[in-house]
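Protein chains in written order, with the working numbering: chain F, 1 to 294; chain S, 1001 to 1348.
Everything labelled a hint here was simulated from the structure, so no lab data went into it. Note that the structure is predicted; figures quoted are calculated from it, not measured. Among the hints, erroneous ones may be present.
Said to hold, decoys possible - FRET-style restraints, in silico, Cβ to Cβ:
1. S:Val1107 with F:Arg186: 46 to 54 Å
2. F:Arg186 with S:Leu1208: 43 to 51 Å
3. F:Lys160 with S:Glu1249: 44 to 52 Å
Just so it is clear, CB atoms sit at the ideal spot from N, CA and C, and this is done for glycine as well.
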Amino acid sequence: MTGFLQQAITGLMVGSLYALVAAAVVLVYKSTHVVSLAHGQLVAFGALFFWLFLGGLGLPFWISLIPAFLLTALMGLLIERLALRPLIGQPLFAAFLMTFAIFTTLEGVFVLYLKGGSRSLPAFLPKGNLSLHGLSVPINQLIGFCAAVLLFAALSLVFKYTKVGLGMRATAEDHRLAQSSGIAVRSIFSYIWILSALVAAVGGIATANVMDVYYMLPYIGINGLIVAICGGLDSLLGAFVVGLLLGVVENVGAGYLDPLVGGGVKDVAAYVVLLLVLLLRPYGLFGLVRIERI
Amino acid sequence: MRPCGVFDKSYTQDMAIIRTWQHWVILLSALILLYLFPLFGSYYLISFMNLLAITVIVVLGLQIVSGYCGQISFGQAAFMAVGAYTSSVLTVKFGFPFWIALPVSGVMAGAIGIIGGAPSLRIKGFYLAMATIAIHFVVIWLILHLDITGSFKGLYPPSPSLGSFQFDTDERMYYIIMTVMIIMTYCARNLVRTKVGRAFVAIRDNDLAGQVMGVSLYYYKLLAFFVSCFYAGIAGSLWAHLITVVNSEQFTLLHALEYVGMLIIGGMGSIPGVFFGVLFIRILNEVVMFTSPVLAKAFPWLGVSPAAALGLTAFGLAVAVFLIFEPRGLAHRWEIFKASYRLYPFAY
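The task is simple: from the sequences and hints, build the whole structure.
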């Protein structure tokens, strides 16, 4: 039982990172109806920029957060302005393919920078474990988890109570209707990309804190996209719940199934879950059900 | 657009793909040149042509399922892996000759493709694209964890042989690969103008309307996946016996993304587009390969071997540029060019 709980807790910690990335994807989908593969790279570059200032220049933690966030937000803005805005009015699938083009472009830059190595962040969060009834939780992961929960709460509040949030919700409902009721839909698109780049950057920094800045980081973004789809592409709650769930499933599944099949369950669990969800509930666990004939 | 002064007097003429004697001359001389190429081409060019031809076969399959039937698949690299591994297992573990393993690996990949295409019956668009990405990872995972596929070490399939003649060099494999490519292109070009091809296009353009007109979505979607994966399997088998070593590193998600990129650049829904797209990306790759040492020398911060990374960036940028400025791909430009030279002195 302790083993199970320990794996579940580790899973929760990893899952919170997935949830953050998924939240970034959901934000973009909610208002622009673009499904983005590009967020994997925003995650990676968020972590990379943070490393540049923390590890590269040796700035203190709080100060290096600011330029890292600014640069990632700028990247999100540029992606929206240069790549996705020319595609407004084209089929949405073209935008999806565009995000995949962005993914490979930035993947090249990322690989070029890393040159096959990895960059480990200096410890900026307190090390050590919190023990509780024989279960141990690394404190730095716990802080990442708490950051994720707080960010989710903040996002929900922004969506619910601010004017920009209201504009975003209206844009998500119907672009033309929002435009004609005086909402600047195009600047909403820019805001949403900046916001989601910031969320992705937080996810990237929290992930790099656990496992360094290395070549697999962009693929965490693909896991985030899987979480977003499983949770329902327009549901923040879904992203949060399914993110945690997927982390737990991966870890517990690996713990119990690895001895049976000879390892590697962790690499494939997310994809199997995605296939199952797509076959059983294509609109996700918490998503808005659209009746559509296939 | 028909050339001036060429009139169709019978149904056969109307349906012909090659309609004037000039076409026949161009086609036949191109074929003869293709087969004589190893006599004067350098080793580098021949292996480049082999790679091109194999990629053309893969992307032809993708064109059928994505360009004609409208079901975007990011799983083509995995299905190619299925073909490569089937062929290798048959020749290495069971001692079958290459000539039997080649069609069997196509059918095997097609069969797996039907399973992989099953989600298309319930979902479409990017949901399907994500499902095929998932299938890619599941297939590669299975290949890595099954005993028969040699897991991480991979397999070493032999070169094909006919009697005592060994097809053990790139020049010799060239003839097999080109022949298969020509047959596959011929089949694809004709498949898309049969009843089956029209059903595919109906599903792509409006599946509901197609269904009302009596097109069975289940049958034709799965058929499209079967054909597409059959192509991938054949290409995988050729690839395995060309380089005589297969491992899972040769079939990554980035390869699958590259095939979709070739399709976008070439133009969806056009068989010549496949050739344009494959040529464009492969030549782009070669250009990057040759310029990157120069760049690395000029800009030391790029590192010693930036070729792979720069190739990815160039590829992504090319796809992005085509999506923005010419979403119909090079095939559309080619059509415009053909129309204009056929009308030449006149504007329209």
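Consistency of the hints with the structure:
1. S:Val1107 with F:Arg186: 46 to 54 Å: With a Cβ separation near 51 Å, Val1107 (chain S) and Arg186 (chain F) satisfy 46 to 54 Å, so the hint holds.
2. F:Arg186 with S:Leu1208: 43 to 51 Å: 33 Å, violated
3. F:Lys160 with S:Glu1249: 44 to 52 Å: Hint holds: Cβ distance 48 Å, inside 44 to 52 Å.
Going through the hint list in order, the structure does not satisfy hint 2, though it satisfies all others.
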